[in-house]
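Colleague: Going down the list, the sequences are from chains G and Y. So the first sequence is numbered by the numbering used here: it starts at 1 and just counts up by one. So the second sequence is numbered by the numbering used here: it starts at 1 and just counts up by one.
In case anyone wonders, no lab produced these hints; they're calculated from the structure. Backbone N, C-alpha and C fix where the C-beta goes; we use that ideal spot for every residue, glycine too. Hints are not guaranteed to be accurate.
To be verified - One side of the interface only, derived from the structure: several residues of chain G facing chain Y at Cβ under 10 Å:
1) G61
2) Y92
3) L93
4) T138
As the list claims (entries may be wrong) - Reference listing, derived: stretches of chain G covered by chain Y, where coverage requires no fewer than 3 residues with Cβ under 8 Å from a Cβ of chain Y:
5) 298-311
6) 314-322
Take a look at the letters that make up each chain.
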Amino acid sequence: MTAASPTTVEEPDAEPAPGPARTPPARDRGAARRVRRHRWDVRWSPYAFVAPFFLFFSAFGLFPLLWTGWASLHRLELTDMNRPEWAGARNYLRLLHDEFFWNALGNTFTIGVLSTVPQLLMALALAHLLHQRLRAATFWRVALLTPYATSVAAATLVFVLLYGRDYGLVNWVLGLAGVDPVDWQNGTWSSRLAVSSIVVWRWTGYNALIYLAAMQAIPDELYESAALDGASRVRQFAHVTVPSLRPTILFTVVVSTIGATQLFGEPLLFGGAAGQKGGASHQFQTLGLYLYEQGWFGFHLGRASAVAWAMFLILLLVAAVGGLLARLLRTDH
Amino acid sequence: MPAPVTPTPAGGRPRTGPFGYTALGLFTALSVLPLVWTAVAASHDNTRLAHTPPPLRFGGNLAHNLGIAWSDANLGLALLNTTLVAGSVALGTVLFCTLAGFAFAKLRFRGRNALLAVVIGTMMVPPQLSVVPLFMVVAELGWTDRLPTVVLPTLVSAFGVFFMRQYLVEALPTELIEAARIDGANSLRVVRHVVLPVARPAMAVLGMLSFVQSWNDFFWPVIALTQDNPTVQVALTGLGRGYVPDQAVVMAGALLGTLPLLLVLALFGRHIVGGIMRGAVKG
Chain G
1 MTAASPTTVE EPDAEPAPGP ARTPPARDRG AARRVRRHRW DVRWSPYAFV APFFLFFSAF
61 GLFPLLWTGW ASLHRLELTD MNRPEWAGAR NYLRLLHDEF FWNALGNTFT IGVLSTVPQL
121 LMALALAHLL HQRLRAATFW RVALLTPYAT SVAAATLVFV LLYGRDYGLV NWVLGLAGVD
181 PVDWQNGTWS SRLAVSSIVV WRWTGYNALI YLAAMQAIPD ELYESAALDG ASRVRQFAHV
241 TVPSLRPTIL FTVVVSTIGA TQLFGEPLLF GGAAGQKGGA SHQFQTLGLY LYEQGWFGFH
301 LGRASAVAWA MFLILLLVAA VGGLLARLLR TDH
Chain Y
1 MPAPVTPTPA GGRPRTGPFG YTALGLFTAL SVLPLVWTAV AASHDNTRLA HTPPPLRFGG
61 NLAHNLGIAW SDANLGLALL NTTLVAGSVA LGTVLFCTLA GFAFAKLRFR GRNALLAVVI
121 GTMMVPPQLS VVPLFMVVAE LGWTDRLPTV VLPTLVSAFG VFFMRQYLVE ALPTELIEAA
181 RIDGANSLRV VRHVVLPVAR PAMAVLGMLS FVQSWNDFFW PVIALTQDNP TVQVALTGLG
241 RGYVPDQAVV MAGALLGTLP LLLVLALFGR HIVGGIMRGA VKG
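If we strip away everything but chain G, and leave its shape as in the complex, we get (with noise of 0.2 Å):
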């Protein structure tokens, strides 16, 4: 790529950059051509440097977001791909009256309750225990940092042996403190709880280091006014520095729920064989995990598509609800 392509984006005429572009014109055509050169470049080459990522998330972003939808309003099947037939809103209204569907979206959210709100909770736990000063510090963040390390599906593999009704290591300890075995495969909240239980585990410790960070970025001297009023750890804990973090926890919230949503990994592998109904009676089916179903085991490629742009759709109010809670928190200052 060469700095100064020329790009699709029109600009009308703008003022140069200030710099040398503005030396006095030079007498001999060299230097002419070449201040001509320079202003050329240093107004066309930006769009040069940002194109890549335009062109890229054009292609393998925008342009299929655009033909999905297209496809959601299509009778469009795996086995006969070139033959797309006019379904008008018949996909979208099918997954209304698809009790499939709803169970997802219901699983979906259950899921995601039950691993962000403990894994942000311990997180903040982990991030107030890593502030204080510690020995070998740098040693305890990455050893927290192994799960975010460890795939999807490597950890899913080693939860679902850990996890083994007849043998698993869960189940055995239970039984030592004398509690009868657990079906974490087949029982329906058990098994939400064991996939939630794989997601904590892989985020909990990334988390922490993001509110730690955000911690460290507190002054001091917020805590000393506050110890000298007298207040307890805990109080401190409560008014300095959860008030302090609340951006970076809406953050948070709003990046692990996307995870959530899109959720496929961890339901896929923890049910084993015909993983993409997401258990026996598709008790931990996510949507993700229904669209991959609709799309690839059930050959319409139409319907996933409109699974697609209703989760879409979900994320964009999730995001609409994140924006406007951090307006709120800012007029709150």
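Once you have looked at the hints, place chain Y on chain G.
Modeller: Quick look at chain Y alone, frame taken from chain G:
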């Protein structure tokens, strides 16, 4: 959950007490032990894993099971493929995001703020919205099982652009660019001789984060690739769906598929921690 701590007369942050270390130790154990147990389970055989109590000590089958996972579950090929894919994605992401991040941080151009808002807005688009069209294109072109199909869609990242911009806004003095321009450097030379040297630490961190993320990329690869030419995640999905019935081999596969990333974490953990924390502050 505030921990009881020893007071510090000098002010500033409290020192961690025994309770704090115990809590941290517990969290760390919960984070690390499942992986240790993966290795334990991978060192036994299927019969042993179907017995209570579960094995808590290493058995003698580790090398054997790793060997089977390597060849039968195709993890050897998968590791090679994933290294290629994640390496290309990391390189592409670092290159494109550094250029864009630099432009957004230090160059003036019309529509800059609007374009930056678009970049951030693209983070809202989930991968689910592109799988149907991408799958149709791949099927039409007969490109199933080709690695570029999983590299190209993830070659740029909005997070990366934002990350590099935040870094360069503070780390790169504008005077340095102006000085280079006065010396007659064009934009490409400015990038090569001024921006890249300053951006290098952030580029390294972004490269590692992208590598980890690409290594663990799941949704699209599972749809685009088959067991004939898998990435690690696709091969492990095959294991999870029962292509190999031996649970000890499954655990050996999970271990093999994670070890390279654990190695990255062990070597560069400090920088990855720093990168996550730096990316967070302005998030």
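Colleague: At a Cβ distance under 8 Å, does chain Y reach at least three residues of the region 314-322 of chain G?
Modeller: holds (count 3)
Colleague: Once the shortest beta carbon distance from G/T138 to chain Y is found, is it less than 10 Å?
Modeller: Holds, because the Cβ-Cβ distance from G/T138 to chain Y comes to roughly 5 Å (cut-off 10 Å).
Colleague: Mind checking, does the region 298-311 of chain G have 3 or more residues with a CB under 8 Å from chain Y?
Modeller: Contact hint for the region 298-311 of chain G vs chain Y: holds, 7 residues under 8 Å.
Colleague: G/G61 was flagged as interface toward chain Y. Is the shortest Cβ-Cβ separation under 10 Å?
Modeller: Holds: closest Cβ of chain Y sits about 5 Å from G/G61, inside 10 Å.
Colleague: With a cut-off of 10 Å on the beta carbons, see whether G/L93 makes it to chain Y.
Modeller: violated (19 Å)
Colleague: Given G/Y92 as an interface hint, is the shortest Cβ-Cβ distance to chain Y below 10 Å?
Modeller: violated (15 Å)
Consistency with the previously given hints fails for numbers 2, 3, ordered from lowest to highest.
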